[in-house]
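Modelling step: build the complete structure from the supplied sequences, incorporating the hints.
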Amino acid sequence: MAVSTGGPPRTRVDLKGLIYRPEVRQIAWQVALLLALVFAFGWVVQNVAANLRRQNIASGFEFLDRISGFDVAQSLIEYSNVSTYGRAFWVGLLNTLLVAVLGIVFATLLGFVIGIARLSSNWLIAKLAAAYVEIVRNIPLLLQLFFWYFAVLKNLPAPRQSYVLPGGAYFNVRGLYLPAPVLQPGFELVLGALVAGIVGTIGLRWWTRRRQLLTGRRLPLLWPSIGLLVGLPLMVHLAAGAPMTLDYPELAGFNFRGGIAVQPELIALLLGLAIYTASFIAEIVRAGILGVPKGQTEAAQALGLSRGQALRLVIVPQATRIVIPPLTNQYLNLTKNSSLAVAIGYPDFVSVFAGTVLNQTGQAVEVILMTMGVYLGISLVTSLFMNWFNRRMALVER
Amino acid sequence: MDRAGPAATPAAPPARAVGPLLWLRERLFSSWSNAALTLLALWLVYQLVSTLFTWGVLHATWQGRDGGDCREGGACWPFVGAWFGQFLYGRYPDAERWRVNLTYALAAAGLVPLMIPQVPGKLWSSAYTLVVVPVLAVILLAGGMLGLRHVPTDLWGGLLVTLVISSTGIAAAFPIGIFLALGRRSRMPIVRWLSVGFIEIVRGVPLITVLFMASVMLPLFLPEGWTIDKLVRALIMVALFSAAYLAEVIRGGLQAIPRGQFEAADALGLSYPQKVGLIVLPQALKLVIPGIVGSLIALFKDTSLVLIIGIYDLLGMAQVASSAPAWLSPSTPMTAYVVAGAIFWLFCFGMSRYSQMLERRLAAGGQRAVTKAMD
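As given, the protein sequences belong to chains R and C, one line each in that order.
Anchor point for the first sequence: position 16 equals 15 in numbering that gives the first Met the number 0, and the numbering is continuous, going up by one each time.
Anchor point for the second sequence: position 253 equals 252 in numbering that gives the first Met the number 0, and the numbering is continuous, going up by one each time.
Because the hints were derived from the structure by calculation, they are not lab data.
Keep in mind the model is a prediction, meaning the values are calculated, not measured.
Every residue gets a Cβ at the ideal spot worked out from N, C-alpha and C, and that includes glycine.
Some chain C residues judged to face chain R by a derived CB distance under 10 angstroms, without partners named: (1) Leu39; (2) Ala40; (3) Leu306; (4) Gln318; (5) Ala335; (6) Gly340.
Just a sample of chain C residues kept apart from chain R, beta carbon distances all over 12 angstroms, derived: (7) Pro9; (8) Gln62; (9) Val130; (10) Ile175; (11) Leu230; (12) Lys285.
This is the structure we're talking about:
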């Protein structure tokens with residue numbers, strides 16, 4: 000490069016050399032790519048406009064204010080067939096969020112139990128957990144949903160022959176019927192006691208930690224906390240004359256009345272999602288615990304910590320750091336997989352919005368883009384939250 | 000040791016710590032709580048096995064002509080016998096099923112030597128599998144030429160569709176995924192942002208919405224009169240969807256390659272394609288084999304979603320079969336799902352075991368540092 004003595008003066012543009020320069024080539028490539036994309040996009044937009052004109056489909060988002068005219072089987076907010084499409088949007092979204100939150104709770108509990116069971120020193124328990132993981136995660140989720148819905152829940156007895164569960168709950172082909180809490184006046188006192196209990200527990204925690212730092216003595220925390228969180232509201236509840244009663248479901252004619260009715264679609268969806276995702280969470284938990292060096296366990300033993308203390312104070316905090324990022328991915332997967340609800344008829348977001356609303360309005364472009372936008376938004380919010388949580392948990396180094 | 004004075008008589012070695020009884024005591028009954036766990040597990044195993052045995056053998060129906068014969072509450076095996084052909088081929092005409100079998104045999108002839116590490120001639124077998132087999136498969140399966148009857152894709156179904164979608168999806172997603180991963184690490188900002196945008200958008204939405212897009216939005220994108228076969232539309236979407244996930248896996252491998260490798264390739268005067276194809280990718284892909292196979296298994300399982308847009312894969316066929324009027328009975332759906340699930344499981348479990356074998360083999364080749372792409 001530098002050997003050219005007395006070559007062309009710098010002011011003259013070396014055209015031949017120009018095309019060999021990496022920067023020039025990069026710019027050329029990108030411009031070409033951008034042009035191709037703009038051209039393709041323009042072509043698509045033109046086609047969409049022509050097709051919509053031909054099929055007499057309106058475009059824009061005015062349809063959200065129109066009356067929907069259809070019913071939804073389960074709704075967390077007030078909704079009927081005279082509500083708007085915009086309202087239906089929120090009904091579906093809330094149903095999806097309900098499934099996602101419940102599914103995440105169940106899947107996490109089950110996944111942690113199975114992940115720890117896989118590491119058990121008990122050979123049989125470890126093998127059983129391994130078999131669970133290997134069987135469940137190698138079968139498509141949709142098949143498992145169909146299994147629970149069509150093969151199990153649809154074969155339950157009719158309401159008259161319901162399974163009677165302890166606590167006044169019933170289980171039959173129409174779903175699960177649970178006693179519903181009914182709040183009488185005076186319940187605010189119990190709520191107040193609960194809030195006081197939570198505040199008290201946080202204060203107690205702060206105070207015992209301070210005491211430990213100052214004096215080195217560990218004060219009991221667990222039982223006082225339970226007393227504050229459970230005992231206090233319970234006592235206030237009794238003292239206030241039991242302002243919360245239970246409304247038990249009762250068989251009336253061919254169906255149950257009263258209580259909370261959980262639809263079989265929701266149960267099947269939760270069963271499928273929790274069992275399937277738990278098999279992945281179990282593997283993550285196992286990898287997390289195995290990822291903590293053995294020296295940490297040995298060091299904890301050498302310091303005289305009990306097994307429980309070692310687990311709680313040494314192993315779990317370190318395993319948590321390994322576990323959080325992949326666990327986030329599984330939570331997002333579960334949320335996205337909840338869209339399979341459409342196949343078993345649970346009115347989730349995809350089923351209500353990208354299904355019924357799309358079919359009625361025909362506005363495919365707007366509806367699909369909104370659907371994708373909602374899932375992207377959920378993913379984004381979850382990632383942001385988990386990244387924040389991850390940073391908080393991250394090792395603080397010098 | 001030396002200060003211990005006169006040598007003591009060496010103690011006898013401890014009793015040999017082996018044998019089945021000791022194993023039992025250590026692994027199953029080391030403490031009371033452990034023994035209780037073992038008993039609980041034994042009870043669980045007994046419950047599972049006895050339920051399966053009662054359902055599949057004791058209360059099962061072995062002979063019958065329709066759903067009316069399956070009233071025992073157990074499995075309805077004659078139903079499987081009657082529908083097994085559809086499970087495997089869908090509505091593909093009976094007389095033409097040999098074409099599907101021949102396609103399988105041709106594909107196996109390429110895949111088996113490719114998958115067994117000891118067999119030489121990998122270049123030839125991969126060229127055959129990736130170039131010759133797809134062409135022959137299209138000719139054989141679709142027909143309409145060389146004197147073969149045309150079989151439209153809406154007659155395809157069952158395991159055939161599952162295998163067609165997953166194998167085409169894998170073959171198409173892999174190169175796209177590599178390009179996306181390279182694009183995401185490119186120094187060209189526009190290329191990088193386009194790759195990141197594509198990957199993150201696709202990974203942020205459920206496959207169902209992408210398939211819905213294929214079935215309701217894609218036709219709007221094309222000029223009047225243009226149509227794309229429904230199966231092909233699903234294929235494109237499944238491939239693009241998997242490519243985004245594969246790209247993230249491959250990116251993890253690319254990030255694990257030391258800078259020195261890139262610089263050494265530059266110093267040797269290799270062009271970009273040479274650098275990537277000869278130096279970087281062979282090392283990067285080897286590092287992420289588990290992740291790649293994981294994506295492939297996910298893709299295989301995800302093909303079952305196409306039934307939602309009306310393509311009858313193996314699960315779709317099971318669904319159709321279990322609601323067929325002739326075989327309606329309380330135990331038909333369960334039987335159908337158990338059979339379909341077993342077939343899916345065999346494929347997925349086989350893939351994961353094969354990848355573990357491959358991993359061990361490659362691990363013997365040198366030290367590895369697997370960093371997974373997790374974000």
